[in-house]
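Enquirer: Starting from the known structure of chain A, fit chain B onto it as the hints suggest.
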Amino acid sequence: MGFSKSSFSEKTHKLDASSFAPLSARRLLVLGGIGLILVGMLFGDIFAVFVLHQNAARVGASLAAAAHAALAGDRSAVLASFQDVGSFLENRGTKVDTHVHMIDFGYLALMLAILQPWIAFEEKAKRDFAWLFLAGAALLPVGVFLIHYVGLAYSPLQTIGWASIFADLGGLLVILATLGFLLGLLNRFRSHAAAHVKDGLLSDRSAAGRLLLGGGMVLVLAGCLHGAYYAAVDLYRHEALDSSILTEMAKAAVANDAGTVDRSLGAYGQLQGDKAVKIAAHAHSIEFGLLAMMLAFFQPYVRLRETWKTRWAYVLILGSVLLPVCVLMELRYGLVAGGLADFGGLLVILALLAMWIGILRYTGQLDSQAGGVR
Amino acid sequence: MSGSRRLLIGGGIALALWGMAYGLWYAVFVEHQVLNGIGVSLAAAFDAAASRSPGDAETAFRNYEEAKYVYDRQVDVHGHWIGLAMLLIVVGIAFDRVRFAGRQKLVLASALLAGAAIFPLGVLLQTFDHGAIPRGIAILGSALVIAALLGITLGIAGREAPSE
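Order-wise, the sequence lines are chains A and B. If you're matching positions, the first sequence starts at 1 in our numbering and goes up one per residue. If you're matching positions, the second sequence starts at 1 in our numbering and goes up one per residue.
Same shape as in the complex, but just chain A (with noise of 0.2 Å):
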């Protein structure tokens, strides 16, 4: 995988290694971002594999256990229950946003990245910028994570606790972060100088990055009409069956059937899961299809032979197919889909540890040529 002295020199002289400078705003943005969505997938990974179905086991069972309190006309165990469900619930939900907040705040700092040339400030004020907005992006997943084990414990509100407060703070530095770079950007488009920024980064039409993008863009259309087919069939078929059931189960629970609630639940429990499925298929093939679109554009600072890029290219695409479809598949086919589609996350998170470390290549080697000159 390795890469010729003279071809390297031609490519950055091309690129303007000034751009990617130690700790310029660029590079901060373009490892963090890289670095945020690996920790995001494998965090997405591990709670998939080690919390995701036992949570959503021991759900079922609360729910269930409810159902027969209520059958036995035992009021104070349905309490009990609910308030595991609410727990469980709890912890699944945090865990998700978690996973999700770090990748998109992965995915924003790639964005904010690209668009560093138009951000009409100093080096230094989009250096700052970019530090607050790492420094928030990586606050409010951990604090997120935290809001299950910390709960209200010295908390001075009644209902947010010191975790959910941190996690907000969070938010609220990705936000002035992002909004510096927007008044950056709005200075250069009044400036009218826009039009003379070049970027070398942008006009790469490598095979590795012509994949990127045309696979990305085909998977976010996809995404975008099976999204659209599932508000049209399933949505409101959804929404008024998980209604349904929960009501069947109580009326049958008053008539003391035991039966019709043991149905229940388990139509509740198919119910769910067709939920959950068709709605993650959605979500990651938009998201796939982003992230290989973003990475097409950064492809130039990938240090790896051009057989290899297209290569490791088409590992991410084949993984960003393989997830969502086997995902679909998983009601059906159970865990033998299951499996796939985990394997399909792997291959994107080996693609894009694989183009993180090409990166990590190039720093190094135009910080060594920049030692040379020195």
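None of these hints come from the bench; they were simulated from the model. Quick reminder that beta carbons are idealized off the backbone N, C-alpha and C, glycines included. Among these hints, one or two may not hold up.
[What the hints assert, rightly or not] Computed Cβ-Cβ distance ranges for the label pairs, DEER-style:
| id | chain 1 | residue 1 | chain 2 | residue 2 | range |
| --- | --- | --- | --- | --- | --- |
| 1 | B | Trp18 | A | Ala80 | 38 to 46 Å |
| 2 | A | Leu271 | B | Ser2 | 45 to 53 Å |
| 3 | B | Glu66 | A | Asp257 | 46 to 54 Å |
| 4 | B | Ala114 | A | Tyr230 | 17 to 25 Å |
| 5 | B | Leu150 | A | Asp234 | 43 to 51 Å |
| 6 | A | Tyr230 | B | Trp18 | 39 to 47 Å |
| 7 | A | Ala232 | B | Thr127 | 26 to 34 Å |
| 8 | B | Leu140 | A | Val233 | 12 to 20 Å |
| 9 | A | Tyr230 | B | Arg52 | 18 to 26 Å |
[Claimed, not checked] Computed footprint of chain A on chain B; a stretch qualifies when at least three of its residues, placed anywhere within it, have a C-beta under 8 Å from a C-beta of chain A:
| id | segment |
| --- | --- |
| 10 | 8-17 |
| 11 | 26-37 |
| 12 | 61-73 |
| 13 | 106-116 |
Expert: Coordinates of chain B only, in the frame set by chain A:
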């Protein structure tokens, strides 16, 4: 930078900020209360069932249904505004690779921006009015997004001109 590219990138950042500000406001002032409402009404429904009060159980389930309907849409709106904003920015950056005339590109960019703004707005309006108008706005927004994306995909896939 062309007008269509400026529209997509500027519009995308503005929409991302709007979506994040909405999310922050929602998390601080609304979400905890709504989630509490969902939990309380569901527990009340089963409590009523345990007390053999079908009328109370039905009322509690109606409250649960309404609270969940509102919660799902409010969270969707936050996610879709920010997600679509990111799509606008990324497509805007790649817009010089769309091989259409400037005017056609401006139409595609305007349709994508309009769809990205009004699709989640239609979903949010459904929390105030369950009628056909908010649903129609959401459908129009999503149709605009899909049509514009289809056009842009075709434009990117188009054969490169010899001069390019």
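Enquirer: Enumerate the violated hints, using their earlier numbering and listing them in ascending order.
Expert: Going through the list in order, the structure violates hints 3, 5, 6, 7, 9 and 13 and respects the others.
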